[in-house]
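Asks: The lines below spell out each chain.
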Amino acid sequence: QKEVEQNSGPLSVPEGAIASLNCTYSDRGSQSFFWYRQYSGKSPELIMFIYSNGDKEDGRFTAQLNKASQYVSLLIRDSQPSDSATYLCAVSVDYKLSFGAGTTVTVRA
Amino acid sequence: NAGVTQTPKFQVLKTGQSMTLQCAQDMNHNSMYWYRQDPGMGLRLIYYSASEGTTDKGEVPNGYNVSRLNKREFSLRLESAAPSQTSVYFCASSEFQGVGNQPQHFGDGTRLSIL
Chain A
1 QKEVEQNSGP
11 LSVPEGAIAS
21 LNCTYSDRGS
31 QSFFWYRQYS
41 GKSPELIMFI
51 YSNGDKEDGR
61 FTAQLNKASQ
71 YVSLLIRDSQ
81 PSDSATYLCA
91 VSVDYKLSFG
101 AGTTVTVRA
Chain B
1 NAGVTQTPKF
11 QVLKTGQSMT
21 LQCAQDMNHN
31 SMYWYRQDPG
41 MGLRLIYYSA
51 SEGTTDKGEV
61 PNGYNVSRLN
71 KREFSLRLES
81 AAPSQTSVYF
91 CASSEFQGVG
101 NQPQHFGDGT
111 RLSIL
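First to last, the protein sequences are chains A and B.
Quick note: the first sequence uses my numbering, first residue 1, plus one each step.
Quick note: the second sequence uses my numbering, first residue 1, plus one each step.
No incorrect hints appear here.
Per label pair, the in silico range of CB-to-CB distance:
| id | chain 1 | residue 1 | chain 2 | residue 2 | range |
| --- | --- | --- | --- | --- | --- |
| 1 | B | Asn-70 | A | Asn-66 | 36 to 42 Å |
| 2 | A | Ile-18 | B | Ser-18 | 45 to 51 Å |
| 3 | B | Leu-115 | A | Gly-9 | 29 to 35 Å |
| 4 | B | Arg-111 | A | Gly-9 | 22 to 28 Å |
Keep in mind the hints are simulated off the structure, nothing from the lab.
Predicted model only: the values in this text are computed from it and were never measured.
Just so you know, even glycine gets a beta-carbon here, dropped at the ideal spot from N, CA and C.
Take these sequences, add in the hints, and give me the full structure.
Replies: Take a look at the structure:
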């Protein structure tokens, strides 16, 4: 079993809709949770990080963490064509970060 | 403020050749990392350095060596390149605090092809 699993996608959503991305992790000792966005041919850039159970909102993005269920999600509200990218879930234990394979999102106009 | 700088950006090697990928950060972070990214596989950790003077193996260390030269610089060496090492390599840095790892900042990547 992979340490971090994401819904495989690709995910296609109409402009203005909500995109919902899911991630599960296997290590109950995981401490920090991150969502990165990666455009094709570019390096990952941080969108959100969350450490505690519950929701964390930043603009159009909301991260949700449920440690009991070992589940973290990312909601993108009012999706824009510029949101079309691959989204990587990452989970940290001590110094190490484990990444999921990513979910590719396409926002269609 | 450059953040994390990787050199070179592109490289083509022949099987059996050696080379070193360079990484430097100017954010005064303690921790530095090397990843490789292959299509459909996300990022996989090769080696990391939690602090100056320490290095540890990640998920896929075979065929690689690293050196934490000082707090700023962390290099990755391929001693005898193999076609399976064709990949995009990313260096990252972060700060580790009591609540867990802080967000990692990535360089622009090195695209390496082994023929």
